[in-house]
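One letter stands for each residue in the lines below.
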Amino acid sequence: MTGLALYGRYILVSLRSEMLYPTSFLFRLVSQFLVTVIEFAGLWALFARFNHIGGWKFGEVAVFYAVASIAFAIADGLSRGFDVVGPLFVKTGNFDRILLRPRSTALQITGHDFALSSAGRLTQGVLAGVVAVSILKPEWGVFQILLLLWGIAGGASLFFALKVFEGTLSFWTVQGLEVANTLTYGGEAAAQYPLDIYASWFRKFLIYFVPIACSLYFPVALVLGRSTIAPWLAALAPATGFVFLAIGLAGWRAGIAHYTSTGS
Amino acid sequence: MNPALARPYLAVLSARFSLMLQYRTAAWAGVATQFWFGAIRVMILAAFYASSTGKAPISLSQSITYVWLGQAFLAMLPWAADPDIANAANSGDVGYERLRPIDTYFLWFARALAWRIANTSLRAGPVFVLAAIGMPLLGLHKWAWQMPASTSAAVLFVVSIGLTALLSSAMTVILNVVVTALKTVRAAALSMSLVNLFSGLIIPLALMPGWAQPFLFWQPFAGLADIPYRIYFGNLSGTHALEGLAAQALWIVLIGLGGRAWLARVIARIDMQGS
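These protein sequence lines map, in sequence, to chains A and B.
The first sequence begins at 9 in the working numbering and counts up by one.
The second sequence begins at 57 in the working numbering and counts up by one.
For the record, the hints were derived by calculation from the structure and aren't laboratory data.
Hints are all accurate, no fakes.
Derived contacts from chain A toward chain B, CB cut-off under 8 Å, selection only:
(1) S39
(2) L42
(3) G50
(4) R57
(5) F58
(6) I61
(7) V187
(8) Y201
(9) A207
All of these numbers come straight from a predicted model, not from anything done at the bench.
For glycine and all other residues, C-beta sits at the position ideal for the given N, C-alpha and C.
All chains, full assembly: derive it from the sequences and hints.
Dropping the structure here:
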């Protein structure tokens, strides 16, 4: 069985186990959806009061909001396993079993839990996109659509890489780290607004240190016709997300080399 | 209530308080996280104020203080049921609550209160030091947590935040009852977002549309954050401040009575499947 087919099997098992509790599943889906709708309502309320933010109108910010939410939802849905590497695998010694199987460890952890409930967040991102399009009535061609999708892919890779970092750290800390939320959830929260509203130290942080802006700001600004950098650079920027992911997976292997079983 | 009757609840309160104080590392991580999110929120609000042409009902520096207060008192918010009781509901151990010769409602209330106060007292101090003392020293006056509007505002704030602790505990017990009745902790996500939006944590309630203000003021979640914070920086003063305190007290009573009646019904129906 190839890695991809195996991953498909993992997803199927995860889905089947979620469907065993249909009411609970539905409840989670609906509440996830309401959660994010409520957040979006908050955004709308701010614009109702202030009209615009740094020259960006509600419709435009909704595009940033949509792209960031979708990218984060994809990464979040795939990476739940990395949240629990510490408590569920390292602390218990269960990670030994993962190591024994002749398959990629990263794949097994990814397949540990496919969180379909993040579909609620995804729907909300799509909804924000629909709202944005109905307000802006943009004349986007194939290039613009592809650019947005490419940005989402880069952003999702970056968020996924951050989760991998978090999981890797738990080879040392054993416990999960709440501080990692500053980069994942904090990154999503920051990316929901255009980069140029932030103070310059924070802009630099989001471009050079954790390059969320490269995937979720520059391409979107280009599509909206407000890019401040060369178009080719903005179009290439999301590649940083994939570079980050490669570094994250290399770090993961280093973490495994460090792992010593707690035994039982 | 005479002192002897209150003793078991006070014991629970102090035991849980000292237990919570064990988790200092987690509290430091929490402080770092809250400071970071606070900084992001402050930057977003500042950008909105900078672009605004009209007049906002509260000033930027009041909004910033509001954000820092929100981060400092974050642990006051009733985001989830008591994890021990949620576990007990899952395992069936919750049935033991019936065996204790004390009132379950007050027991759960005391546990929730201890949890809120211990968590808050660990986190509020460091956030205050960073945002109200550290930031001005670094020359970041504009972004700092300001002092209360007046002495009377400070006093009323203390009273109001005390009511917040009671209100939050009453809501936590409701969540405990929901978890016990539904045997799922998933209800938490929904309550969390309702709390976040309607307490003013996401955006200060005063910045929401004018037509919604009367409703926003009298709904139960305002008492969790918005009312004490507005009292702090003098946006609610005089009779308005007293109205705020009255709204908090009203909801404590209503949610308390409702929770007590509901708990009695739910706990009467618990089946214990022995082992």
